[in-house]
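Enquirer: Below, each chain spelled out in residue letters.
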Amino acid sequence: MAFKEIELNMGPQHPSTHGVLRLKLAVDNEVVLRVEPVVGYLHRGIEKLCEHHTYFQITPYTDRLDYFAATQNNLAYLLAVEKLAGIEVPKRGQYIRVILAELQRLASHLAWIGFNANDIGAMSVLLYGFAEREGILEIFEEYIGARLTIHSLRIGGVPHDLDAKIISMILAALDSIPARLKDIEMLLSDNRIWKHRTQGVGVIPADEALALGLTGPALRAAGVRWDIRKNIPYSSYEDFDFDVPLGTNSDVYDRYLVRLEEIRQSVRIIRQAIAKLPGGESRAKVPKILKIPAGEVFHSIEAPKGELGFYIQANGSEKPERVKIKVPSFINLQSLERMCRGYLIADVVAILGSLDIVLGEIDK
Amino acid sequence: MTEKNAKPGFFFGSLDKLITWAQKNSLWPFGSGLACCAIEMIATAASHYDISRFGMELFRASPRQADLFIIAGTVTNKMAPVVRRLWEQMPDPKWVVAMGNCAVSGGPFPTYAVLQGVDKILPVDVYIAGCPPTPQGLLEGLMLLQKKIAKEHPTRMIYARDARTTE
Amino acid sequence: MSSTLLYEFIIPLLKVAVVAIYPMLMVIVMIWLERRVVAWIQSRIGPNRVGFQGVLQPFADAIKLFFKENIMQCGADRFIFNVAPVIVLWSALLAFTFVPLGGTMQIGTYNLNFWVAESPVGLLLILGISAISVFGIIFGGWASNSKYPLLGGLRSVVQILSYEIPTGLAVLSVVFFSESMNMIDIVKKQQEMGVWFAFILPVSLIIFWISAVAETNRCPFDLPEGESELVAGFHTEYSGLKFGYFFMAEYAHMVLLSSVVVVLFFGGWLPPFPNVRFLSFLHKVPGFIWYFVKIMFFLYFYIWIRGTFPRYRFDELIKLAWKWLVPLSLLNVMLIALIKVL
Amino acid sequence: MPEMREQLNNFPILQNVFDKLSRTFPGQELVFSFDRQELAVRVPKEHLLKILTFLKDDCGFNTLSDVIGLDNLNIRKEGEKRFAILYQLYMFPAVQRLRVRVEIGENEVADSIVPLYPAADWAEREIYDMFGIRFAHHPNLRRIYMDDEWDGFPLRKDYPLEGKK
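Protein chains in written order, with the numbering used here: chain A, 1 to 364; chain B, 1 to 167; chain C, 1 to 342; chain D, 1 to 165.
Here chain A stands alone, though its shape is the one from the complex (with noise of 0.2 Å):
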């Protein structure tokens, strides 16, 4: 009987391809030969709309990236402002920075925990995750008035000071992770389905995964230690002491299991930051029109999907001259045609899910 090519497309629209992303799969009845993503549904032009807008007006435009953790999109872009314009954020500025960021990181993993449940067919833990991740979206309700697309990073440091409410909100929230944690690892962790879907799927080595420039946790789940925090610390990262957890054979239970790890990790250097959160200024005294002479600089961080590094080139006025994003779902997305030779759909879906794209990210 000749063989037949089916071309499946799962098209911009499918349940879980996490936003408007598209993955043409030439399957053999079921078996998936090749997956070419096609990306660009979400394609806003924001480098274009940063060459017009001064720097204070970008950084909104950062939240919108990776709309999961918006303001770890900021910390990105004011570290690669602030060295370029050689501002010094005062020390107190850099914790609460380090606190909200590691917030917005809780947010992230809580909700990729759930979508990747979702995918797999664990509906419920979706649910689990997002109500966890209430607890933080109030938090950061409370301290800057919105949800989701926060802007809650300036040039400088931090708009507002941290009050007690806010600091009593977040211990709460703190202690009601590990209690939700444990509920989800109860459903998945030792789940024999869960093992079954997971375990050996979208296996990739960690030399491979070098190459194809892989960052965050898909890299670290092969055992790579690579975390931007550890390796080049920033904003003041140096002075928390939290290990990098790592994975040994790269598929996607070891993805879950550092996410899962990186969770608790978080916990605990917010903790640390709450208890010794210094005294004193909050925000550094930045110009009303900043102008920065001409010069360029490429700053990266460790978002939670990845290394996420802005590149500035300014001209001396106060618009730069070229904002270029380096998005770590853009490059993970790469990998994800190596990742997938030779699985099933149902394991496309599940590795396309443990990379924990973002499509605002990737089409900029």
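Calculated from the structure, these hints are not laboratory results.
Mixed in with the good hints there might be a few duds.
Just so you have them, the derived chain A footprint on chain B, three or more residues with Cβ under 8 Å [claimed, not checked]: (1) 37–43; (2) 46–60; (3) 78–88.
Once the Cα atoms are required to be at most 25 Å apart in a straight line, the calculated BS3-like pairs of lysine-lysine come out as [stated by the list, open to error]: (4) A:K230 / A:K91; (5) C:K147 / A:K24; (6) D:K157 / A:K291; (7) B:K7 / B:K151; (8) A:K195 / C:K323; (9) C:K319 / A:K195; (10) A:K319 / D:K157; (11) D:K45 / D:K157; (12) C:K340 / C:K188; (13) B:K17 / B:K147; (14) B:K7 / B:K148; (15) A:K83 / A:K285; (16) B:K148 / B:K17; (17) A:K319 / D:K81; (18) B:K120 / D:K164; (19) C:K147 / A:K4; (20) D:K45 / D:K77; (21) D:K164 / A:K319; (22) A:K319 / A:K288; (23) B:K7 / B:K17; (24) D:K56 / D:K45; (25) A:K91 / A:K276; (26) D:K77 / D:K157; (27) B:K147 / B:K7; (28) A:K291 / A:K319; (29) C:K188 / C:K15; (30) D:K81 / D:K50; (31) D:K157 / D:K81; (32) C:K340 / C:K189; (33) A:K83 / A:K288; (34) C:K188 / C:K284; (35) D:K81 / D:K45; (36) D:K77 / A:K319; (37) D:K77 / A:K291; (38) A:K230 / D:K56; (39) A:K91 / A:K285.
From the three backbone atoms N, C-alpha and C, an ideal C-beta is built for every residue, glycine too.
Following the hints, put chains B, C and D in place on chain A, whose structure we already have.
Expert: This is chains B, C and D only, laid out in the frame that chain A set:
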């Protein structure tokens, strides 16, 4: 009795009430999100704000079974024909809610790649402002839609048969 | 009105009406129960705006589905596309004729028995008729003329056929004890032996229950309409009331298989603890109440599983059927045959 | 050049990369710049592949973080080429960064580094899509964001923000 403003009699009036009551209370949204607003839409469907109280929690993945299309996010020029085709695939009594500034009017992205407002390609019933609108904002928009559905007259085609041609 | 007309024609007609409406009522209850229980598992509230505590929600869904536009795929095969949902729903409803809903009740001179038909091979008929629903699913998948339903249809064929075998063998082990495939005799045998088959044959109960969940395409075996993989599986292209048929058929199958499990293993309409002296007031409660209570437990169990388990992958599903359930049920049948002989 | 060495004194690894580069490529005009603790080197277009292979194999820059396209229409001095491509290299585990800059003319063809770093595949397609710089020997050079039949290259300075109607 001119057909233009034909009033539904008792029978058709109460039949309308029954149909619109049913349509209002079992609006199955189409499980398609485009950008940041989609995350707030899911947060609205999650346990904290719980859209299932209104009977809307069955997010149907296939357009054939959905009757409410929430445009949650930025509609780019590349995505516009896809959104239009998805809307056409939905069975007839269908409603469209434009959620968020990007869907309402292009929002913060006046660029070459973004369609400035989804009402250029779809008939929109309710516009919800916000970038992204908070879950309370989305719930309020959906309740407005429910009120709008309650005022509709699906059996108009029967009691105002000629009106259909003059409409 | 002569008594034969009453006894021979009107009462069986009423009974047929009851058995036809009974699954529909159960479907209505199930829709509400499922959405509330799953919501409760997921710390949500579930529908509570429509009528008192959302009780009218299933009616709202049904009426809305009735008035939806009826879309036909352009390339679809018209007749098969329309017949598929009818087959799936019809096969579930027809099988209910042999399910005993309760014991016999003495009214005046006439003892009214709570089942429509009694046949010496009732059990086989039920399993056979409910297996016809596979045709509906394949027709639905194939006739929609698009890739995802086709994949959904293929998956359901292999799944339901490979789970027929453990079902058959588990039923065989029960028939060893009840020496008859007549559903009423099975219950009478359990009454006679004073113990339910569940306690004698726990292994075949487990096997039967797992294959029952697999046969109704319920989570964790809901691959044919795997939401996150195949968009909506075999009923992707169905809209309006045709989709409603598939929706109702799934619940009707659940009620059917729960009632088969109840009759085979938990003594259909028998009150629990028959020989405990001081609990004898339980006998006053009529049979169908017990049957209903036991069914509700199993329906709740279906929903409970849906709230907790992730979905199987296709090869795991088949491996579970052929590497675990079939050998286990064969062993079980041999074991029971040995016990019966000794 | 010698004062560049002093600047790199407290960065030993970057210093020996600087020495190796200036030793093995004495002829070509490599322009080094070290500002805000970031070492950047400007490389002529013809020797790009040779230098990048040398950096990857001998100097240990084993990962490519990003490929950045620039349109210097407004800020270029006289006689300079219009476009520039920057390769942001990263050395793991020694944790060092290096930026290699190449100047590209209006309709010159750059050569693709996908055989060296597979990660550059989509980044180069994005630069082609946004700036119109073609890459030789690229596996499948197509637009990645815009429609295939979109005319114009959006990130060029002379392309209006609202797009051509």
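Enquirer: Now, for every hint given, state plainly whether the structure supports it.
Expert: We went through each hint and held it up to the structure:
1. With a cut-off of 8 Å between beta carbons, the stretch 37–43 of chain B has 5 residues touching chain A; three or more are needed, and the interface restraint holds.
2. As drawn, the stretch 46–60 of chain B meets chain A at 3 residues by the rule of a beta-carbon pair under 8 Å; at three or more, the given contact holds.
3. For a cut-off of 8 Å, the count of residues in the stretch 78–88 of chain B with a CB near a CB of chain A stands at 4, and the three-residue condition holds.
4. A threshold of 25 Å between alpha carbons decides the hint, and for A:K230 with A:K91 the separation of about 18 Å falls inside it, so the pair holds.
5. Of the pairs offered as hints, the one joining C:K147 and A:K24 holds, with about 13 Å between alpha carbons and a cut-off of 25 Å not exceeded.
6. A threshold of 25 Å between alpha carbons decides the hint, and for D:K157 with A:K291 the separation of about 20 Å falls inside it, so the pair holds.
7. A hinted pair counts as satisfied when its Cα atoms are at most 25 Å apart, and B:K7 with B:K151 qualifies at roughly 13 Å.
8. Proximity of A:K195 to C:K323 is assessed by CA-CA distance (about 18 Å); at most 25 Å being required, the pair is judged to hold.
9. Our distance criterion of 25 Å between C-alpha atoms is met by C:K319 and A:K195, whose separation comes to about 15 Å.
10. Only pairs whose Cα atoms come within 25 Å are accepted, and A:K319 paired with D:K157 is accepted, the gap being roughly 14 Å.
11. Proximity of D:K45 to D:K157 is assessed by CA-CA distance (about 22 Å); at most 25 Å being required, the pair is judged to hold.
12. A threshold of 25 Å between alpha carbons decides the hint, and for C:K340 with C:K188 the separation of about 19 Å falls inside it, so the pair holds.
13. Pair hint B:K17 plus B:K147 holds up; C-alpha atoms about 12 Å apart against a cutoff of 25 Å.
14. The suggested pairing of B:K7 with B:K148 holds, with an alpha-carbon distance near 18 Å, which does not exceed 25 Å.
15. Using a Cα cut-off of 25 Å, the hinted pair A:K83 and A:K285 holds, with the two alpha carbons roughly 15 Å apart.
16. Restraint check for B:K148 and B:K17: the C-alpha separation of about 12 Å stays at or below 25 Å, so the hint holds.
17. Proposed proximity of A:K319 and D:K81 is supported: the alpha carbons are some 23 Å apart, at most 25 Å.
18. With a C-alpha separation of about 18 Å, the suggested pair B:K120 and D:K164 falls inside the 25 Å cut-off, and the hint holds.
19. Of the pairs offered as hints, the one joining C:K147 and A:K4 holds, with about 14 Å between alpha carbons and a cut-off of 25 Å not exceeded.
20. At roughly 18 Å between alpha-carbon atoms, D:K45 and D:K77 fall within 25 Å of each other, so this suggested pair holds.
21. For the hint pairing D:K164 with A:K319, the CA-to-CA distance comes to about 23 Å; that is within 25 Å, so the pair holds.
22. The suggested pairing of A:K319 with A:K288 holds, with an alpha-carbon distance near 13 Å, which does not exceed 25 Å.
23. Using a Cα cut-off of 25 Å, the hinted pair B:K7 and B:K17 holds, with the two alpha carbons roughly 14 Å apart.
24. A C-alpha spacing of about 17 Å is found between D:K56 and D:K45, which places the hinted pair at or below 25 Å, so the restraint holds.
25. Between A:K91 and A:K276, the direct Cα distance comes to roughly 11 Å. Compliance with the 25 Å bound is thereby established for this hinted pair.
26. Distance check on the hinted pair: D:K77 and D:K157 sit about 16 Å apart at the alpha-carbon level, within 25 Å; holds.
27. Taking the CA atoms of B:K147 and B:K7, the gap is about 20 Å. The hint holds against a cut of 25 Å.
28. At most 25 Å may separate the alpha-carbon atoms for a hinted pair to count; A:K291 and A:K319 meet this at roughly 8 Å.
29. Distance check on the hinted pair: C:K188 and C:K15 sit about 21 Å apart at the alpha-carbon level, within 25 Å; holds.
30. Pair hint D:K81 plus D:K50 holds up; C-alpha atoms about 21 Å apart against a cutoff of 25 Å.
31. Distance hint between D:K157 and D:K81 is fulfilled; the C-alpha atoms sit about 14 Å from each other, no more than 25 Å.
32. At roughly 15 Å between alpha-carbon atoms, C:K340 and C:K189 fall within 25 Å of each other, so this suggested pair holds.
33. The straight-line distance between the Cα atoms of A:K83 and A:K288 is roughly 18 Å, inside the 25 Å bound, and the hint therefore holds.
34. Pair hint C:K188 plus C:K284 holds up; C-alpha atoms about 18 Å apart against a cutoff of 25 Å.
35. About 11 Å separates the Cα atoms of D:K81 and D:K45, which keeps this hinted pair within 25 Å; it holds.
36. At most 25 Å may separate the alpha-carbon atoms for a hinted pair to count; D:K77 and A:K319 meet this at roughly 20 Å.
37. As the CA atoms of D:K77 and A:K291 are separated by approximately 21 Å, the hinted pair is consistent with the 25 Å bound.
38. Restraint check for A:K230 and D:K56: the C-alpha separation of about 24 Å stays at or below 25 Å, so the hint holds.
39. Between A:K91 and A:K285 the CA atoms are separated by roughly 14 Å; this keeps the pair inside 25 Å, and the hint holds.
In summary, this structure violates none of the numbered hints.
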